[in-house]
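Asks: Model the full assembly from the supplied sequences, consistent with the hints where possible.
What follows is the residue order along each chain.
There are 2 protein chains.
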Amino acid sequence: MDLELSKRPKCSECPIRHRAVCARCDDDELLTLEAIKSYKSFKAGEPILWRGDELVYLASIVEGVATLNKSMEDGRTQMVGLLLPSDFIGRPGRNDIEFDVVAATDVTLCCFQRKPFERLLETTPHISQRLVEMTMDELDAARDWMVLLGRKTAQEKTATFVEMLVRRQRVDGVDTDPQHLALPLTRDEIANYLGLTLETVSRQLNAMKKDGVLRFADRRRFEVADFKALRNATGDGAEY
Amino acid sequence: MDLELSKRPKCSECPIRHRAVCARCDDDELLTLEAIKSYKSFKAGEPILWRGDELVYLASIVEGVATLNKSMEDGRTQMVGLLLPSDFIGRPGRNDIEFDVVAATDVTLCCFQRKPFERLLETTPHISQRLVEMTMDELDAARDWMVLLGRKTAQEKTATFVEMLVRRQRVDGVDTDPQHLALPLTRDEIANYLGLTLETVSRQLNAMKKDGVLRFADRRRFEVADFKALRNATGDGAEY
DNA sequence: CGCCGGTTTGACATACTTCAAGAGAAGTGG
DNA sequence: CCACTTCTCTTGAAGTATGTCAAACCGGCG
Numbered sequence: 001m002d003l004e005l006s007k008r009p010k011c012s013e014c015p016i017r018h019r020a021v022c023a024r025c026d027d028d029e030l031l032t033l034e035a036i037k038s039y040k041s042f043k044a045g046e047p048i049l050w051r052g053d054e055l056v057y058l059a060s061i062v063e064g065v066a067t068l069n070k071s072m073e074d075g076r077t078q079m080v081g082l083l084l085p086s087d088f089i090g091r092p093g094r095n096d097i098e099f100d101v102v103a104a105t106d107v108t109l110c111c112f113q114r115k116p117f118e119r120l121l122e123t124t125p126h127i128s129q130r131l132v133e134m135t136m137d138e139l140d141a142a143r144d145w146m147v148l149l150g151r152k153t154a155q156e157k158t159a160t161f162v163e164m165l166v167r168r169q170r171v172d173g174v175d176t177d178p179q180h181l182a183l184p185l186t187r188d189e190i191a192n193y194l195g196l197t198l199e200t201v202s203r204q205l206n207a208m209k210k211d212g213v214l215r216f217a218d219r220r221r222f223e224v225a226d227f228k229a230l231r232n233a234t235g236d237g238a239e240y
Numbered sequence: 001m002d003l004e005l006s007k008r009p010k011c012s013e014c015p016i017r018h019r020a021v022c023a024r025c026d027d028d029e030l031l032t033l034e035a036i037k038s039y040k041s042f043k044a045g046e047p048i049l050w051r052g053d054e055l056v057y058l059a060s061i062v063e064g065v066a067t068l069n070k071s072m073e074d075g076r077t078q079m080v081g082l083l084l085p086s087d088f089i090g091r092p093g094r095n096d097i098e099f100d101v102v103a104a105t106d107v108t109l110c111c112f113q114r115k116p117f118e119r120l121l122e123t124t125p126h127i128s129q130r131l132v133e134m135t136m137d138e139l140d141a142a143r144d145w146m147v148l149l150g151r152k153t154a155q156e157k158t159a160t161f162v163e164m165l166v167r168r169q170r171v172d173g174v175d176t177d178p179q180h181l182a183l184p185l186t187r188d189e190i191a192n193y194l195g196l197t198l199e200t201v202s203r204q205l206n207a208m209k210k211d212g213v214l215r216f217a218d219r220r221r222f223e224v225a226d227f228k229a230l231r232n233a234t235g236d237g238a239e240y
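Residue numbers (the numbering used here), protein chains in the order written: chain R, 1 to 240; chain H, 1 to 240.
All copies of an identical chain are treated as equivalent in the list; a pair is satisfied when it fits inside any one copy or across any two copies.
With a cut-off of at most 20 angstroms between alpha-carbon atoms, the simulated SDA-like pairs for lysine to any residue come out as follows: (1) 115 - 125; (2) 115 - 130; (3) 228 - 72; (4) 228 - 74; (5) 115 - 38; (6) 115 - 136; (7) 228 - 73.
Honestly, the hints are just simulated from the structure, not real lab data.
Replies: Right, here's the structure in full:
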């Protein structure tokens, strides 16, 4: 794994300070974390971790989007995780993971050496509690995702994906102008997320464009022209 | 929810003592747990919890099989969890859950009142650590399940399900005679597990019977006639 | 015995995949 | 700055796995 280390910005100024695994830490605890952290960057498309790699670091995503992918022997692949800023990579107590982690866009990670971090977990309830909470949130998300994979139509899958993106980018980033949303994944990656082929994804996106639900600036950038119709197409019923 | 309370058997004689959320507890800690626990039983088919119900109890499965199910507005349903003995029900820190829990067979639960249990979590690392570990195991399982739902064929799905059952029942129960395995679910429930229809499941099971992979005593009880062929049909490649 | 839920089996429909060709962007090197 | 390659995406035509609908079967139970 290519490591490009850089300096350690102050935790207090960190954009994910209040959502990441460190969210509940007080100032003292942040100092302890700063001692074992380092930043690493990856270009879009670069692998971050291969399945079975020894886990030297655990990390939070500071910027960018990463995907967790599982593949079958014959090459079929299924995405099983989509990590946005503040999400956590790695499993304390294991020294490897069961999927590949890939940078979908340029990614900045805040990495903690595993061993010291695991010791911190034992002594710092603020960190371990937050980690449990995040893990359970991920499990909830995985269960919604299972409904999508097992029971939704291609149209519903695609609409659900777009709607999820819109919601998460809205909450996440700077309160982005609704005009300026971007798909962080290629058609092929979206297909791996949804359990479809890239052709089907392409057809579904273009259908939503034709129906006036989405409006595309180019292949990546788009805006939602009719949010209600989008929501309707997800198969999840009325809002909330 | 119908509650049929019964006495509290000694933890020390509990069949799931070493695998459940209490696995790491010492004798003192077990005593504290015994103070807040009670047993409840459910008949096959009975609901244990409805989505949105207030979570009064958290529980471990002592005996039997329960399923977690999500449903869409129009009635499509997808199973998102299959709980066997020692598995845990409920999410500390939340007062409801996002899916239905149903007894697939007769079920015995070891229930803990939520509030006292949550207090125990804060003071007893042996419990919280074990809970984290179990949650992460469930997340790993959910990810394998996502590959199944998104990418496997009906034949692979069915074979994977049967193979998983064989493995878990072997590890779990009394080391059951390979002659005597039973599907704990109906065809319809299996279909909900696999993201298929019951007709397709029926056809796949009968195909495996015709091919000499499985041998059925009745609709539920079966034995694996050719384990290698079964494993092969899962799409997961050679053993381990 | 006769109902009843779970299951099997068949015929048909279709949503999605597969295969194939080509169009745009985007990068690369001369 | 323009060919040239390369990658992503679109679009069409054809194939197929799985769903849908419907009827019959079977074992258990009142």
